[in-house]
Amino acid sequence: MVGEIKVEGVVKRFQQQNAEEVIALSGIDLRIETGEFVSLIGPSGCGKSTLLRLIAGLNGADEGKLYIDEEEIKKPSYERGLVFQDPMLFPWLSVYDNVAFGLKARNIYKANHMEVQKFIDLVGLSDFSRSYPHQLSGGMAQRASLARALVNHPKVLLLDEPLGALDAFTRMNMQDELIRIWKERGTTMIMVTHDVDEAIYLSDRVIVMTPRPAKIERCIEVQLARPRARNNPEFLSLRSKILEILHFTGTVAEPNYYL
Amino acid sequence: MKKLNAWLPVLSAILAILVDYGVGNIDKHMPAKHPYFMYLLVVLLGAFTIIALLSYFNPKAKEWIEDRSLFIAATILFLNVINIVTKKLGLLPVIFFPTLDKIISIIVEDRDFLALCLGSSGKLLFTGYFFGAIAGFATGIAVGFSNSANYWISPLIRILGPIPATAWIPLVLISFPTTFTASAFLIALSVWFPTTVMTSSGIFNVRNAYFEVSSTLGAGKYYQIFMVGVPAAMPHMFIGLFNGTCASFITLMTAEMLGVKNGIGWYINWQKEMMAYANVYAGLIIIAVTFSILITLLFKVRDNVLVWQKGVIKW
Numbered sequence: 002m003v004g005e006i007k008v009e010g011v012v013k014r015f016q017q018q019n020a021e022e023v024i025a026l027s028g029i030d031l032r033i034e035t036g037e038f039v040s041l042i043g044p045s046g047c048g049k050s051t052l053l054r055l056i057a058g059l060n061g062a063d064e065g066k067l068y069i070d071e072e073e074i075k076k077p078s079y080e081r082g083l084v085f086q087d088p089m090l091f092p093w094l095s096v097y098d099n100v101a102f103g104l105k106a107r108n109i110y111k112a113n114h115m116e117v118q119k120f121i122d123l124v125g126l127s128d129f130s131r132s133y134p135h136q137l138s139g140g141m142a143q144r145a146s147l148a149r150a151l152v153n154h155p156k157v158l159l160l161d162e163p164l165g166a167l168d169a170f171t172r173m174n175m176q177d178e179l180i181r182i183w184k185e186r187g188t189t190m191i192m193v194t195h196d197v198d199e200a201i202y203l204s205d206r207v208i209v210m211t212p213r214p215a216k217i218e219r220c221i222e223v224q225l226a227r228p229r230a231r232n233n234p235e236f237l238s239l240r241s242k243i244l245e246i247l248h249f250t251g252t253v254a255e256p257n258y259y260l
Numbered sequence: 197m198k199k200l201n202a203w204l205p206v207l208s209a210i211l212a213i214l215v216d217y218g219v220g221n222i223d224k225h226m227p228a229k230h231p232y233f234m235y236l237l238v239v240l241l242g243a244f245t246i247i248a249l250l251s252y253f254n255p256k257a258k259e260w261i262e263d264r265s266l267f268i269a270a271t272i273l274f275l276n277v278i279n280i281v282t283k284k285l286g287l288l289p290v291i292f293f294p295t296l297d298k299i300i301s302i303i304v305e306d307r308d309f310l311a312l313c314l315g316s317s318g319k320l321l322f323t324g325y326f327f328g329a330i331a332g333f334a335t336g337i338a339v340g341f342s343n344s345a346n347y348w349i350s351p352l353i354r355i356l357g358p359i360p361a362t363a364w365i366p367l368v369l370i371s372f373p374t375t376f377t378a379s380a381f382l383i384a385l386s387v388w389f390p391t392t393v394m395t396s397s398g399i400f401n402v403r404n405a406y407f408e409v410s411s412t413l414g415a416g417k418y419y420q421i422f423m424v425g426v427p428a429a430m431p432h433m434f435i436g437l438f439n440g441t442c443a444s445f446i447t448l449m450t451a452e453m454l455g456v457k458n459g460i461g462w463y464i465n466w467q468k469e470m471m472a473y474a475n476v477y478a479g480l481i482i483i484a485v486t487f488s489i490l491i492t493l494l495f496k497v498r499d500n501v502l503v504w505q506k507g508v509i510k511w
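Chains as they are written, first to last, in the working numbering: chain A, 2 to 260; chain B, 197 to 511.
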């Protein structure tokens with residue numbers, strides 16, 4: 002098995018319009034095991050999406066290094082598939098051609114064209130392979146973009162709030178879908194989310210990040226058997242624990258009274 | 197009224213036939229060899245009678261004719277009015293406003309020469325358009341994707357682009373070996389500018405996330421340019437091509453004054469100088485029909501290429 006991610010002392014700064022520097026990530030150390038499902042959670046501005054983009058190789062770190070299977074990450078690669086909140090399907094291609102894009106781009110479509118239909122079936126879009134993206138609902142489009150990333154057999158799948166734009170019911174269905182795919186493929190998954198429930202429901206480990214300075218506040222192991230129940234007492238206690246961490250380290254002032 | 201809808205063109209044609217047959221001609225006009233306008237009306241009458249009858253059986257024909265019947269009837273009525281004003285009453289100066297018979301007779305009797313003119317205009321137009329469009333795409337893509345091309349070429353486009361192609365005539369005439377190449381170059385230039393500008397602006401407007409996604413899917417630089425950037429910019433490119441087409445028509449008409457041997461623009465100009473206004477109108481009608489067919493073709497191609505755009509944007 003492959004797909005181990007190592008992040009060592011990564012610092013990322015952004016220049017703002019007024020030439021002020023914003024520290025998007027200050028000294029991140031993180032190790033994600035092969036086949037692990039990890040969620041990055043935290044308020045806006047805590048650098049979780051930035052971290053994901055660095056792992057994808059879309060941006061470079063200012064300090065520190067990132068590795069996949071001991072190899073330094075320098076540029077984007079099909080080994081690290083990426084799914085955004087917006088499905089970003091290519092609107093000029095049908096669902097089939099969207100999914101086939103990676104294989105064609107890597108010039109291995111001829112030998113592997115059976116894979117395309119297989120992954121379309123895997124995400125349950127068998128009847129829509131000839132449709133264009135504008136004909137799909139939000140949930141279907143997100144499934145298609147998942148299939149598009151998976152067809153490359155990435156070692157790691159990076160998910161940037163993949164379910165953020167979906168309604169509550171579609172969202173819960175898609176969460177189960179993600180778990181099913183993850184179990185079936187054993188791909189390492191790293192997901193950015195705003196949703197504490199989603200993070201606990203899906204992940205082996207929830208990484209709680211805080212803004213200013215943008216760093217990892219705590220890593221919380223979720224040792225619950227799958228399938229998980231959202232109303233399990235342990236689930237709820239983890240939930241309040243995470244909420245507590247987020248609450249007390251944010252900008253919210255401590256209450257000025259004592260009981 | 198509603199029931200008669202499909203028959204409106206037929207009624208209008210019958211009215212025009214009655215007028216042309218029943219009302220006496222004024223003898224200021226040179227008569228044409230044949231009553232061509234009457235022939236045209238009879239053809240129209242026959243065609244629209246068949247369509248009106250068809251509309252009772254075929255829902256498609258019914259829809260088609262009911263959508264257009266009022267417009268067609270009005271058009272025939274307009275021709276009828278022109279006929280009355282010219283041939284019947286001679287209200288307009290005879291030399292500038294010949295009879296419809298005369299205009300149609302030119303199209304019919306002069307058809308060989310008109311076809312020859314149309315052919316040479318077509319050759320000139322397509323040569324210029326082809327090279328202009330190719331050059332436009334190439335420059336647009338280069339400017340859109342390469343920083344150094346953008347740095348060096350963009351100012352050039354901004355300065356040279358807005359100059360009307362025809363303003364180059366003095367320079368072009370001395371730089372090209374033949375008038376054909378000179379004219380073709382002018383047309384190419386007029387197509388090149390809008391195509392370049394719209395192609396590059398289309399590429400600049402492609403959401404960066406498309407390139408990011410494609411790079412995480414394993415696409416290399418050139419694959420990204422041609423399989424992501426170009427298709428995403430395609431709607432803009434078609435706007436550029438469309439503007440280029442209109443500009444090329446204008447340039448064609450002017451370029452044909454550079455001493456070509458024949459051509460439809462040249463024909464009109466020549467006939468105007470001969471004061472043969474029936475021929476001028478015949479030429480104009482042919483240009484209108486040809487150009488509108490070309491534009492329709494371009495729209496058809498666009499609809500096919502941009503089928504994915506249905507429901508996204510329309511122009």
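In case anyone wonders, no lab produced these hints; they're calculated from the structure. In this text the structure is predicted, and so the values were computed from the model without any measurement. Each hint should be verified, as a subset may be incorrect.
Stated by the list, open to error - In silico DSSO-like pairs for lysine-lysine, Cα to Cα no more than 30 angstroms straight-line: (1) A:LYS105 <-> A:LYS184; (2) A:LYS242 <-> A:LYS75; (3) A:LYS105 <-> B:LYS496; (4) A:LYS119 <-> B:LYS496; (5) A:LYS75 <-> A:LYS7; (6) B:LYS468 <-> B:LYS457; (7) A:LYS66 <-> A:LYS76; (8) B:LYS417 <-> A:LYS75; (9) B:LYS496 <-> B:LYS256; (10) A:LYS66 <-> A:LYS119; (11) B:LYS417 <-> A:LYS76; (12) B:LYS496 <-> B:LYS258; (13) A:LYS7 <-> B:LYS417; (14) B:LYS468 <-> B:LYS284; (15) A:LYS76 <-> A:LYS242; (16) A:LYS66 <-> A:LYS7; (17) A:LYS105 <-> B:LYS417; (18) B:LYS417 <-> A:LYS111; (19) A:LYS66 <-> B:LYS417.
Please write out, lowest number first, the hints stated earlier that are contradicted by the structure. Failing hints, ascending: 2, 4, 10 and 15.
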